[in-house]
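2 protein chains.
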Amino acid sequence: MQRTSRMLTPQEALDIILAHVQRLPSEEVGLMDAAGRVLAEPLYAPEDHPPFPAATMDGYAVIHDDTSPWREVIGEQFAGHVTDVTVTPGTAVRITTGAPLPAGADAVVPVEDVELVDDHIVIRREEVRPGENVRPVGADVHRGELIVPAGTVLGPAEIGLAASLGIASVPVSRRPRVSVLSTGDELVDPGQPLGPGQIRDSNRFMLVAALQQAGAEVVWAGRGPDDVERLTELLRERIAESDVVISSGGVSVGERDLISAALRTLGTVHIERLFMKPGKPFHFVTVGRTLLFGLPGNPVSALVGFEIFVMAALRAMTGQQPVIPEPVTVVLAHPIEPGDRIEYQRAIVWCDETGTLFARNTGPQSSARLLSAVGANAYLIVPPRAEPYRPGERLRAILRRPVHGQAR
Amino acid sequence: MQRTSRMLTPQEALDIILAHVQRLPSEEVGLMDAAGRVLAEPLYAPEDHPPFPAATMDGYAVIHDDTSPWREVIGEQFAGHVTDVTVTPGTAVRITTGAPLPAGADAVVPVEDVELVDDHIVIRREEVRPGENVRPVGADVHRGELIVPAGTVLGPAEIGLAASLGIASVPVSRRPRVSVLSTGDELVDPGQPLGPGQIRDSNRFMLVAALQQAGAEVVWAGRGPDDVERLTELLRERIAESDVVISSGGVSVGERDLISAALRTLGTVHIERLFMKPGKPFHFVTVGRTLLFGLPGNPVSALVGFEIFVMAALRAMTGQQPVIPEPVTVVLAHPIEPGDRIEYQRAIVWCDETGTLFARNTGPQSSARLLSAVGANAYLIVPPRAEPYRPGERLRAILRRPVHGQAR
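Protein sequence lines, in the order shown, are assigned to chains F and P.
Numbering-wise, our numbering puts 129 at position 129 of the first sequence, and it's gapless, one number per residue.
Numbering-wise, our numbering puts 203 at position 203 of the second sequence, and it's gapless, one number per residue.
Do not rely on the hints blindly, as some may be mistaken.
Copies of the same chain are indistinguishable here, so a pair counts whether it falls within one copy or spans any two.
[Said to hold, decoys possible] Think about it this way: if two alpha-carbon atoms lie no more than 20 Å apart in a straight line, the pair counts; the simulated DMTMM-like pairs of lysine to aspartate or glutamate are:
1) Lys280 - Glu353
2) Lys280 - Asp58
3) Lys280 - Glu233
4) Lys280 - Glu393
5) Lys280 - Glu112
6) Lys280 - Glu337
7) Lys280 - Asp106
Honestly, the hints are just simulated from the structure, not real lab data.
Hey, can you work out the whole structure from these sequences and the hints?
Take a look at the structure:
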């Protein structure tokens with residue numbers, strides 16, 4: 001097999017991949033099923049919030065410029081219990097936080113500014129301002145206002161806001177349907193005994209976990225057969241049922257290149273190799289609307305390939321914004337040895353007491369050592385250069401988990 | 001109802017809550033179901049990785065100090081295809097990346113340093129180092145080594161690593177069983193018409209989404225009845241089936257305090273009010289091992305109460321580390337007006353090109369305005385003080401979503 005194609009930079013590869021992504025159709029889901037889904041269309045407020053002028057304090061609803069020395073309490077207004085009462089000069093209505101302002105009233109005087117004598121109140125201050133302690137109609141949200149932009153991953157705040165405006169279901173992008181297959185004659189499932197020269201199939205489990213966390217629907221996960229014709233047949237079935245097919249293994253020069261051969265037969269090969277480490281062998285192929293990613297067999301390479309490239313495709317498919325989150329800048333806490341390709345070192349990024357992000361890598365960065373990704377919350381992007389990067393120099397990093405402060 | 005208790009700071013409240021948390025039992029789950037679960041016991045490597053000395057390059061397996069001028073190629077070794085061949089002086093075996101080193105050999109010479117003539121190779125360099133291009137047994141992970149600490153939320157790297165070491169299932173903490181109820185006579189479900197003085201029930205949907213994203217099992221979600229006896233009865237049932245019961249509404253002074261009354265009857269009240277905004281009215285009650293959280297009815301107050309206090313309890317129950325992630329330090333991008341209690345302002349935190357975290361709030365911070373939490377990736381902690389915080393001053397922030405860099 002010939003490998004004459006130029007090695008692409010990660011950015012060039014992302015551009016090629018995103019140029020081939022097509023948006024998935026949208027579907028309507030109820031709010032109880034909307035968490036973690038990507039909003040397909042912008043949400044606008046169908047009604048005002050609050051829907052009525054509401055008290056923001058416990059107190060008495062009054063007319064602000066009523067000059068009466070004392071006022072008769074003619075009723076009570078609780079949240080959810082509206083009474084048919086109108087405040088006129090010389091009267092007031094007891095009201096609790098959140099309850100609708102009764103007709104006629106234009107202000108709420110807090111309990112603590114009032115003296116209650118029998119069924120009358122005396123206001124113990126000079127002036128009551130119009131609208132005081134009243135949330136007017138639409139104070140929080142105006143009818144027609146954009147409340148959640150398309151591309152937002154829906155969380156509790158967005159879902160609560162939709163509910164508060166009477167929206168019972170929302171349009172979200174369909175979850176991407178993904179098939180995962182691992183290849184390699186040497187693979188044995190965990191739980192089975194290892195024969196001579198055999199290793200565990202770890203990528204299938206790793207990629208399924210990554211897809212679950214990314215909100216994709218794993219429609220199939222299995223081992224690829226050991227024969228190019230049967231493998232091609234399996235892939236054909238998977239392509240028909242999937243938006244994305246991910247394989248691992250079979251793309252290195254030294255490996256039996258069943259996957260490369262099968263992919264070549266099936267579709268258009270756009271990418272074969274990347275100018276990055278780990279993850280140099282990397283296939284990106286399209287067959288109609290289906291995207292195929294041939295990840296390397298080395299688990300760290302497969303993980304990085306998934307998190308940088310497949311994730312970008314999944315985000316673009318569902319319309320998630322931003323498609324490619326902007327990397328952060330970090331200060332190196334120790335020297336970093338560059339390689340001859342762009343390295344994505346597994347790293348820990350934290351925030352110091354001045355608000356500056358610092359990074360250290362997770363030790364030996366062998367692309368077979370998955371332990372280097374355990375506990376890592378970032379990929380440190382290390383461009384090639386002659387001399388080592390010194391502590392205090394700045395590099396960019398892609399955050400894969402939250403950043404914390406330093407314990408005090 | 002009397003409110004004589006002192007208002008607690010958020011830190012005091014967290015200390016009280018965590019002192020009442022009991023760890024949930026653990027259960028064994030297969031790797032395909034382990035994503036997002038909390039590891040209950042540390043994982044140690046049951047075997048070495050790699051399990052055999054493996055080639056890291058495509059090339060020829062040789063004896064490093066063999067002085068033969070050329071060597072006969074006596075076999076091939078591919079990953080997963082082990083041949084019964086022994087390298088002796090004057091011989092070599094063709095080998096591919098990841099394949100086991102054949103008996104007798106102690107180094108791999110890469111293809112590009114070798115000239116192949118018929119069935120013999122000539123090494124085109126002076127010296128071959130022992131162990132060159134060979135990953136020895138246990139190079140990545142030693143048998144018995146700690147590979148994933150207890151309390152880790154399992155992601156793709158941890159699951160892949162477990163699989164690579166033959167671990168088929170892992171002990172994880174049982175998911176917390178949680179019941180959610182909203183209370184308030186004024187509440188109407190989204191999708192139903194609003195009557196006079198009525199508002200939507202948004203907290204139930206918001207809290208269910210938050211629980212789903214936190215990995216809890218929502219065993220029940222509904223509306224509380226409007227009568228203290230029936231409410232107490234419902235709560236009793238929910239307590240029996242739940243590790244955590246969360247209510248919203250009915251804890252403010254002005255509201256009909258059904259929840260307060262019911263909680264008081266059922267268990268021990270530890271917290272009633274907090275010195276914070278939003279979220280001052282906040283009940284924490286225990287009944288046996290079950291934790292009850294009485295959140296305010298205002299949606300922003302309920303969300304903040306959930307994310308700061310309930311989340312800490314859920315993390316502690318499952319043994320997740322850290323129980324309370326350390327806040328980050330941020331630089332203010334604009335003036336911030338403090339209040340008379342500790343404020344948790346909804347904010348956007350980003351990283352500038354020097355690696356410094358900056359923050360701005362999301363506009364009006366009314367605790368009824370859930371829009372202030374949409375798109376917010378942080379809570380900015382604003383302690384009370386007389387004068388406003390100036391741009392450039394530093395405060396602490398709790399990150400609730402990832403931080404991004406600035407687009408260039």
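Hints, verified against the model:
no. : hint            : result
1   : Lys280 - Glu353 : neither (38 Å within a copy, 28 Å between copies)
2   : Lys280 - Asp58  : between (66 Å within a copy, 15 Å between copies)
3   : Lys280 - Glu233 : neither (27 Å within a copy, 63 Å between copies)
4   : Lys280 - Glu393 : neither (26 Å within a copy, 45 Å between copies)
5   : Lys280 - Glu112 : between (71 Å within a copy, 18 Å between copies)
6   : Lys280 - Glu337 : within (18 Å within a copy, 51 Å between copies)
7   : Lys280 - Asp106 : neither (70 Å within a copy, 27 Å between copies)
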